[in-house]
Amino acid sequence: MTALLSVDNLGKEFGGVHAVEDLSFQVEKGRIHSIIGPNGAGKTTLFNLITGLYQPTSGSVHLNGRSLAGHQPHELAPLGMCRTFQNLQICMNMTALENVMLGRHRHLKQGTFTSLFKLPALRRADQQCREECAELMEFVGCGQYIRHHASAMPYGALKRLEIARALAASPDILLLDEPAAGLNRTETDALREVIRKIADRGITVVLVEHDMKLVMSISDQVLVLCYGRKLAEGTPEEIRANPDVIDAYLGNRHSREEATA
Amino acid sequence: MSEAIPQSPPRVRATAKWPGLTVLAVVLLVLPFLAGNDYHYDLMIKIALTAGVAVGLNLLVGYAGQISLGHAAFYAAGAYGSALLVSHYEITPVPAMLLAAVGVAVLAWLVGRPILHLKGHYLSMATLGLGVIAAIVINNEDQLTGGPDGLTVAPLSVFGHELSVFGSYQLFGLTISGTQVWYGIAAGFLFLSVVFALNLIDSPLGRALRALHGSEIAAQVAGVDTAKFKLRVFVISAVYASLAGSLYGYYGGFITPNIASFTHSIELITIVVLGGMASTYGVILGAVILLLIPQFLTGFQELEMVLFGAILMAVMIFMPRGLVPTLARRFQKEAP
Amino acid sequence: MFSEFFQFTFSGVTLGAIYALVALGFTLIYNASHVINFAQGEFLMIGGMGTVVLMDAGVPIYFAIPLAIAMSGVAGILLHRLAIAPAKNADVVTLIIITIGASIFLRGLAQVFWGKEYHALPNFSATESINLGGAILLTQSLWILGIAAVLVTALGLFFTRTALGKALLATSMNKDAASLMGIKTGAILMMAFGISAVIGAAAGVIVAPITLTSYDIGIMLGLKGFIAAAIGGLGSSTGAILGGLLLGLAEAYTAGYISSDYKDAVPFVIILAILFFLPNGLLGSRAVERV
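Protein chains in written order, with the UniProt record's numbering: chain A, 1 to 261; chain B, 1 to 336; chain C, 1 to 291.
Treat the hints as calculated values from the structure; they're not laboratory data.
Possibly wrong hints are sitting among the right ones.
[Unchecked claim] Straight-line C-alpha distance at most 20 Å; calculated EDC-like pairs for lysine to aspartate or glutamate:
hint, chain 1, residue 1, chain 2, residue 2
1, B, K228, B, E216
2, A, K109, A, E132
3, A, K230, A, D244
4, A, K29, A, D220
5, B, K119, C, D91
6, C, K116, B, E302
7, B, K17, A, E131
8, A, K213, A, E187
9, C, K116, B, E216
10, A, K109, B, D202
11, A, K213, A, E193
12, C, K263, B, E141
13, A, K213, A, E178
14, A, K109, B, D225
15, B, K228, A, E75
16, A, K118, B, D202
17, C, K263, C, D216
18, C, K263, B, D142
19, C, K116, C, D56
20, C, K166, C, D176
[What the hints assert, rightly or not] Pairwise CB distance ranges, derived in the manner of DEER restraints:
hint, chain 1, residue 1, chain 2, residue 2, range
21, A, S151, B, V27, 26 to 36 Å
22, B, E90, C, A85, 56 to 66 Å
23, C, A85, B, E141, 43 to 53 Å
24, A, Y155, B, G20, 31 to 41 Å
25, B, G20, A, G16, 53 to 63 Å
26, B, R113, C, L145, 33 to 43 Å
27, B, G167, C, V59, 32 to 42 Å
Using N, Cα and C, we set each Cβ at its ideal position, and we do this for glycine too.
Based on the sequences and whatever the hints tell you, model everything.
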C-alpha cells in the first residue's frame, strides 16, 4: 500500500528552538492516523508545516507523491488536503451555513461578472451547494443550526461546523487539530462517530488529540511526539504497551489511567 | 457526495433580496413627488451618487475588512478621466465614462497589487498616500485639469440628445425637467449599485470576500487565494467610485480638485462606518444622514466640522458596527 | 552651487526636525497603546494657534507659549480619556477612524473659536537671517534645531532615567505584565497621550514663525509625521527621527532642484516605494502571525 501523506526528515526551528526535528512518518490511505504528545511536543507546528502556514527549515512533505514545498496555504485544498484548527477559525460575520459553503469555494464559479449579475447557472450551482452543505451540517451533527448565524452557536457546535467546512472541500485527507478540546463526554462520543463516518467515506484522517480514550478507540496508527521528535509509532495496542510512552506520560494522572485502561 | 440527495423541495434557500429592493425602488419612485423644487432634486441626486460610491466602498471595507483612505482618488479619476476623454478625444460621454472606468480598474489593479498584502496601519497609510498624490497631481497639472480653478465638463448626451439640467424633455407625453431626468439617472445608478452589490455578496465570490474579514486563515484553507480576492474587491469598489465620479461631473458640469481630497476620502469612509459596515442599505442611510447634516446647519455652517468629527467619534465608540447593524441587532434581541 | 546645496540641506534638516518631532509623538502613542493617532497634527495646530490667540489677547509671548503647549497637553489627555479609552478592544480600523474623527473635531473647534485666517508668530530672535558663505540661513531654523535636540534628549533621559519613563516603556512592551507589577497602565497611557501632545505643540510653536499657522495646518504636518514614523518602522524612536530627517531632506531637495509644486507629494511617493519593497518600514521588525 502506498502512503498518501509522507513526511520525511522534517524540521522547523524558531530562533534556535527546534519545534519539530528530523521527523519522518507516513500516513496510509483510508486510515485514521493520530498524533499525540505532551503539550509543546510540536503537534500544531507539524500541522502548520504540512498545511503550508509555516515553511519548514529542513525536510519535505509529500501528498500523493507531490511535494508540498513552497505551496501557499490556499493551494492545498485543490490538492485534496483540508484541516481544522485548535483555536477555531470560523467567520463570525457569516451564517453557519455560509461558513460551510465557503469550504466548497474551489468547486464553484467565482467570475466577477457572473457574480455581479448572478447568472442562472451560478444561482443553480449555489443552491445545490447550499443543500449539500446543509446535509454536511447534519452529517457532523449540527443540523439544528442550519439557519443560525455562526456567532450564535455554542463552542461544541462550532468545532463540528469547522469539520463540515473542511469536508465541503471534498478532501482526500483531513487534518483535525484537537477536535475534542473543550467538548464534554457526550459531545466527544458524538465526535468519535463523526470521525468514524468520515473514515468510512474513504477520507484519510490525521488527528492531533489529547483525549487518549478517543485516540485509542478509533486510531489505526498512533504517532507519539515528544519535544518535536518521534518517540514511538504503532497501533494503539503497541503504543499502550510502549514503556517510553508510559514514561513520557507519567505524572499525567488522567492519561495514565487511559493508557492502562 | 456519496449518499443520494432526496428529491424533496429545498429546505434551505438564499435570503430573498426582493423585499429590500422593492422598498428601495418604492422610496426612489416616491421621493420625486415629495421634492418641492430643483434644490431638493439637486440634493437627492448628490446623495444617490455618493451612496452609490459608498455601497461599492462598503464591499471593500465592510465586507472584506480592508481599508481605503484614498477612495476619492478613484472618484476623481472617473470624473476627470471621462471629462477629458470627451473634451480632448471627442469621445461621446457614455463610452468615455466606461473607458474611464476601465482605466480606473487598471490603475486600481496596478497600485493594489503591491499594497494589498499590507495590513491595518500600513494599508491605510498606502491608500492615504495614493489619494494625496492624486490630489496633488490634479492640482498641479493645470494645463490638463485646470488646476485649483476646476474644469468645465460637457453635459451627458445619449444618442445625440444632450441631457442638461437646464433642459426640458418630453417622455410618454409628459414634460419633465432636466433635473428630473438627472434624478432618474442617479436613482437608477444607485439601484443598480445595490442590486450588483447584493448579488456579489451572496455569491461564492462574496463569501470568499467576507471570509477575508472573518478569518483569512479559514479562507486560505478553503482554497481562497486571499491576495487575489483582495485585489478584485479593491478594483470593483474603485470602478463603483469611478462611475459615480463620471456621472457627478456630467451632472454638475464643473469639477474641482476638492473631489480628490483627503477630506473627501474621509467623508466616504465616514458614510460607510456611520451607516453600517457590511450593510448595503445601512450605507445608503449613512449617505443620507451625512449629506443632510449641512442642510440643518444653515446659519451655523462653522459647526459642520465639529459635528462631523463628534458624530464620527461617537458612532465608532458606541456602535462600531454602524447605525443599521447595531439597531438591527438590538431589535432582533428584543423580539421574542 | 555649493552654497545652494548647503542652503537646501539646511532647510531640509530644519523641516526634518519638525517632522521628527511629529513622528516621535506618533511613536510614543503607538508604543503605549498601538493606536495611530491621526489627530497628532492637531496638537501642532493647538500649539501654534493657541500662542497666536493668547498673544492677541495681550499675553506676553513667554507666557503664551507654555500656556498653549499646556493646553495641547490637556487636549491630548482628554483625547485619551474621552475617545480612546472608552473604545475598549476596538480593532485597528475603528481606532483609526476615531482619531480621524477627533482630528476633524479639534480642527472644527479651532475654526469656530479661532477663525480661518493664517497667522504668523514673530521670530524668536531679532535678526531674521544670517548670510553664511552665500547661503541665507533663517535664525528661526537654528532655534528649531536647538529646541528639537533638547526635546529629543529630554525624552531620551525621561525613558532611561526616570521611574515614570521606565513604567511607560514597560507598559508599551507588555501591558498585562506591567499592570501585574503594580504599574497603573491607564494613567500611563494617558500620560503618553499628554507627552505626545506637548511635543507636538512645541513643534507647532517653533515652526509657526516660518510656515505660518492656521486651523488646518495639522493635516499635512500630521500626515507627513505619520509617514516619517512609518518609514522608521512605527514604534522605533530612532527610526522616527531618521525618518523625519529623510523626509525633510527629500522634500527640500525636490523643491530646490526639481519642482516646488510637487514637494508635498514627495513623502507620499517615498512611503509608497518603501511599502512596496519593505513592508515593515526601514527599521521595523518582522512580525510572525501566530495561528
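Of the hints given before, which are not true for this structure? 9, 27
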